[in-house]
Every structure is written in structure tokens, then in C-alpha cells.
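Protein chains in written order, with the working numbering: chain A, -11 to 389; chain B, -11 to 389.
Think of the hints as simulated: they come from the structure by calculation, not from any bench.
Be careful, since some hints might not be right.
Where chains are identical, the list cannot tell them apart; a pair therefore holds if satisfied intra-copy or between any two copies.
[As the list claims (entries may be wrong)] The calculated lysine-lysine pairs, modelled on DSS-like cross-linking and capped at a C-alpha distance of 27 angstroms, are:
(1) K52 / K276
(2) K345 / K52
(3) K276 / K(-10)
(4) K266 / K283
(5) K335 / K266
(6) K(-10) / K52
2 protein chains.
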Amino acid sequence: MKQIEGGITAVSGVRAAGVHAGIKAADAKDIALIVTDTPAAGAGVFTKNSVTAAPVILCREHLKDGRAQAVIVNSGNANACTGEVGMANARRMAAATAEQLGIDADLVCVSSTGVIGQQLPMDTVESGIQIAANALSTEGGGDAAAAIMTTDTHPKSVAVEIEIDGASVRIGGIAKGSGMGAPNMATMLSYLTTDARINPQTLQTALNRVVDDTYNLLTIDTDCSTNDTVILLATGRAPNVDIVAAAGANYEAFCEGLQFVCTELVKMLARDGEGATKRVEVRVIRAKSRGDAEKAARAVAESPLVKTAIFGNDANWGRIMMAIGKSEAEFDPYQVNVYLADYQLVKDGMDAGYAEKRATALFEQDSVLITIDLCAGDAEITMWTCDYSYDYIRINADYRT
Amino acid sequence: MKQIEGGITAVSGVRAAGVHAGIKAADAKDIALIVTDTPAAGAGVFTKNSVTAAPVILCREHLKDGRAQAVIVNSGNANACTGEVGMANARRMAAATAEQLGIDADLVCVSSTGVIGQQLPMDTVESGIQIAANALSTEGGGDAAAAIMTTDTHPKSVAVEIEIDGASVRIGGIAKGSGMGAPNMATMLSYLTTDARINPQTLQTALNRVVDDTYNLLTIDTDCSTNDTVILLATGRAPNVDIVAAAGANYEAFCEGLQFVCTELVKMLARDGEGATKRVEVRVIRAKSRGDAEKAARAVAESPLVKTAIFGNDANWGRIMMAIGKSEAEFDPYQVNVYLADYQLVKDGMDAGYAEKRATALFEQDSVLITIDLCAGDAEITMWTCDYSYDYIRINADYRT
């Protein structure tokens, strides 16, 4: 496996664009369009929030047959809590895109991200769709990554080339995250492309598995958006033997590549969480079960007290003990060990006699790894999050103004 | 029912003190002592955190027989994650208190609050216990309320006089909270006294019921402390007919008084949450069940995005919709109504056409009431919380320094 340039358009048969239509103020890009040359196998995973945005409802409908050829995305407005008008607007976005591309509307997936509860400015959106269609290019992946951003500080894009039974296959992805991240799907939006030959059902199974191990283990601030969406399109242009079932070496090779792309995107999302000054990885080892490992890791990764201590470079390990204690995971408090990188802070549930200065230095990194050894079994998990800073408050206290 | 002065020492047969021993720096009070003239009926509710502080373990042991005569509390050090030494120190605190008072050690309850993971400075604690015993007075309730504080900005104390079948009965309480508040028992420490004649079992039943409707519905930051404690002592000095069962008018009258005292303390705790600029009440009405009402209210009250919007006086109601949507409560999103005080923001799940200016003015109050009408049944609940401000980050980023 090797990392390559180009993001989603590194993949054969994929064009993309990201343009400024005028939904956002200033010159920021706010319409992204991703198109495959011919209908692709399509898979999706969406928010579990019962207050579901109109475009998510439409995507579920349009992906039912496992086929898709385009994804149209606007940022600046979430088209959520917008009732029948919002649903009609999501359909209009699909129809306008289909018209520009000369394809069926049910091959178009739609996403929106931004403020909840306002109707889309449809004239602006529709002219933006036209501009985007005219700008489509096999080098447009970076522009698309930029156009889906809201409070993100930079675009996020990854691509790899893998080998499946000797054949070269590419997988690319973009994502946007920032706030409203977690507990189910921490990124609001991520689009993945591959030229692998793989049938829709197997594609969906692979996506479900990888999302569980990546996006669903990212938590920025515990809040789960109404619009969370991951869509994966497979163009089938690569020379690999068809992957037709969720088993075997070829399927595993594909999943491994997909897992790498999604993990890299998740790490970028964590580092760019709203107001984040550092990325935090919480690794729980020797838990009684995977469920227990996740409970303990989530409790730590979501604790405001732990996250503010990390922001302050303060090795306040008592808060980590508090968090795992409230998690309902089973363990003996006086057998727990906690490490910062490979430096031990807690031994058998108590102060390991660490030096504050050395711990502080380890916190003053761009990326912090906390390992919690529960000494209760052999399950483990890694979750990704970020610290809580003044800027999280600043960004969210007046997001709309 | 009428509110009276004096807090826990308004109650006949109770003396208290709050003194500076030197556990905390500066001159701050750090040892509180509450004593009843003769052994009282005692009830307690404690943290559900499995990483349980030593004094909590001791309290559970000492309250097993439903009798207690004293509570000794130190602030500045939590005596949690301190192993066998910590347990021995909790016992030494009980023994030293018992010796000063000339009573049995198993009549003494012990609490500690402050930093986790450091051993108590026992010489300082023991001399503090002696100073506190010498300072005991029937007017010491206020000093005790001050001595249990950590990052609280002011002491919290309430007392009422109620009538039980014509007899005057008093109930008093103090509490400290601030950070690490929720999900099970949001206050870290609260001590309640009454002169009611009531047997220990009925006292415990009443306390459980009232804690469920008050302290357990307070959430500052979702973090549940290792030390949370509520203890209620009944001196039996009032002239009421013995309350011997958890039923009937006399029991209900007692619960009503206790509920009032605890609700007032919870409101004070919410307003004084770490960094709080205002108190927030989240009321969910017409939920399908009490469980659903609590899920929805908790999701809103614990959402960092909702809490930062409230800090910013921003009527970003989409975040409220997002929060109830992720709560797993059952409702139809397009039937939901949301009110700020009695001003409607959301009608049938969408913008009610409110004026931003008027909404902002309603947020700029010391206390904010958000009512969410789920239109799904007849259950309701009120939860208490506060906003998330820059000061929450500041206080917690360097709590130990």
C-alpha cells in the first residue's frame, strides 16, 4: 500500500469540482460535486439522529439500489428542520444536478451542512450546481474537499494505491468535521471513491465495518449531527478480479486500504476539531470486552474535565480514573495502569511517581496518546478526539453571527 | 412551609463548624464538622462511580445501621485513588472525630473533596478536627457550608420550617458542587439535617426519592465524581408523631419539605457551576414516558453546543433539535415545539418565526428556562444545568496549579 496524491480524483473514472455559489458569505467555496463517468456501485452510512436532515432521507432512498453516479453537496446551510419545503429542495438539488449531467436524478446523492432550520436559497444553489458541473475535472478533488468545509480550518483529503491479487486499485477520500462530532459518526460528511471492482452489497458491508472502526470511534464534543453522511462510490475501472462477497483475501485487502484512508481522515478530523490545539488518541487495552473497551475509552475521550486538563498540559490523571469509573466498564480500580505515550502516570490505580515536568512535556505535543490498561481481559480499542480550548467556546458561542 | 435562616443548624439538636486547618493554601476554610447532640437516624446516597473514594466506602459502612452522630468533611483533597493508605486515613478521620466528641467512631461519616490521587496530610487534618470540634456551635451552619467548597464561588445553604400534622418540623441543608457534576448526583457533597421524628428506613426511602428528583437531575458537565455524597441526619427533636412508613400524609409532608430544600440547593449548584454565567432549566413536557423525558432533557442539558450557544445568547434552536434527536427519545420531529421562557422559537419542528432580538434578550437573564414540548405523551421532567463559558475552560485547564 502506498499513499498517493489527488484525493477522491486520484481514482480512475472520477471527476470533481468545488466552487463558490454564494450560500456562504465571502468568497468561500460552498458547492462540491463528485461524479463518476458511468453509474458506480454506491454505499452509504448515515446519522442515527432521529431529527434527520432532508438530504439524508433522500440519500437513503437513492442508494437503495446500490447505484449512484454523482454527489452534490452544499455547505453553509444544513437543510435540516425544514419540513416539506426542505425535502422538495433536496429533490430539486438532485434534479438540477441530474439535468446538468444528463443522468437520472435517482443516481444523485445530496448532502448539506451548516446552520439548521433555515431554507436553502435555491436560486443560488441551482446556479452553483451549474458552475460546479462546468468545473468538473479529474484534478478537482482538492476543490471538493475545500467546498464541504464549515468551521474546519483546512481541507482533508487522502488517497492510496493498494494491490488486490496483483492488480492495482486506488481508494480516495475527503472529509469535513469540526463540531457536532459524535457519538455515531463523528465526521459530518465524508466521500470516498475507489476504482475497485466490487458489488454494491459487498461494498456496503465493507463500509459498515470500516466506519465502525474509524468514524464511529471519533468524538469531538459528544454531539451527533442531523446530517452525518459517509458515501463510498466504486467505479469498477481497476483491473482486479470482481469482489463479490465479504470474505477472502481480496475483500480483506480492500478493507485494509479503506481502513487506512478512513483512519487518516479521522486523525485529521480529530486534530481539526473545533478549537483543538492537539489531537488525542485514547487507547484502552486489556478490557474485558470490546464493549467495555469502548465504554471506557469514550468516557475518557468525552470528559470535559479530561479534555480541559489536556488543553492545560496538566497530567491530572485522577480525572482519567474518574472517567473510566463512571463508564460502567468492569475492572478493578487498583489494577489500572495509565500511560502518557510510553511514560507511566498510574500504577495499580495510584500515582506511579511520575515527574510532572516530563508529563507536561509529553502533553505539549501536537498529538497526545493516552493508554489505559484495565487489566481485565484482552479486548482493546483506540478512539480519537481533541482537547477543549477557549476557542471551542468562542467558535460555538456565536456560530451564527 | 416557610423559609428560615440558619441552614443545617436551624434544626434543633444540630451544631456545626467550619475552620481553616491548612489543607488548602491561603486562609480558606477546609474542615467542616456537623454533629447531633445524640445519635440521629442517618441516611445516605453516594456516587455510582466504580472508582470510589475511600471516605465514601467508609460512609456506606458506617450508615448500614441507619445511625450517625457526626459528619467530618475536608476540602482540598479527595482521598480518592489512594489505596490502603487512603482507607486507613479515612478511618483515622472518623476515629479522631469520635475521640474529640467522646462518641463511637462508627457514628461518624467522613467526606473528602478536592484533587484526586494524593494522600491526605493527616497531621494537618487531625489538628483541623480538633479546632473544628472546639468551634462547634448552633450557629455554625454557614461556616460548615463555606468549609466544604472547592471551586464554588459562594456557600450554599437553605432551611425551611414545615408542619407535619400540626407539629413544626425543620429541615436544613448545605451543598457544594461546581465541576464534575453529573450524571448520577451532580453535587459532590450535600448534608441535610432535620429534627423530624422518622425512622432510619423511612428516612432513606424519602432521601432516595428526593435525590432522584433533584440532585440526579442536575448536570454541570456530565462528569460523575468519585466522591459524590448526600447525607441526611434526623435528630428526632421535633414534636411530630413518628413517621414510621413511606406512605401517608405525614410522610408526604416531610418529602415535600425535603424536596424544597434539595431543589433550592440544586438551583444554587447549577447557577454556580464552573464558569457559569447563568442557570439553565430544561423542561421537557408531553414525553412518552418519564424515561424519554429524562433522555431528551439530559441530551439538551449536556450538549456542549447548546450550552455554548446559551453562553453566547444565541437562539440556535437547531442545536436543541439535534440534541433531542440524538437522545433516543421517541417523538415526531415535526410535532415538536420549543419555548424560551414563554416565547415560542420552534413550532412543529421548524422556525416559529420568532424575533432574534427578543430571543437574545430572554437569554441575557440570570436564569434561562427552555421548554421542549415533544407532543408524544404526558410525562414531564425538569433538569438543571448552566452554560459553558470561557471560564469553564480556564478553571479546568489548570485546576491543580
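Each hint tested on the structure:
Within a single copy, K52 and K276 get their C-alpha atoms no closer than 38 angstroms, and across copies no closer than 32 angstroms, so neither meets the 27 angstroms cut-off. In this homomeric assembly, K345 and K52 never come within 27 angstroms of each other (Cα to Cα): the closest approach is 56 angstroms inside a single copy and 44 angstroms across copies. Taking identical chains as interchangeable, the C-alpha atoms of K276 and K(-10) are never at most 27 angstroms apart, the minima being 35 angstroms within one chain and 53 angstroms between chains. Within a single copy, K266 and K283 get their C-alpha atoms as close as 22 angstroms, which meets the 27 angstroms cut-off; across copies the closest is 31 angstroms, which misses it.
For a Cα distance limit of 27 angstroms, the shortest separation of K335 from K266 inside one copy, 26 angstroms, qualifies, whereas the shortest one across copies, 40 angstroms, does not. In the homo-oligomer, the alpha carbons of K(-10) and K52 never lie at most 27 angstroms apart, since the shortest distance is 33 angstroms inside one protomer and 64 angstroms across protomers.
Checked against the numbered hints above, the structure breaks hints 1, 2, 3, 6 and satisfies the rest.
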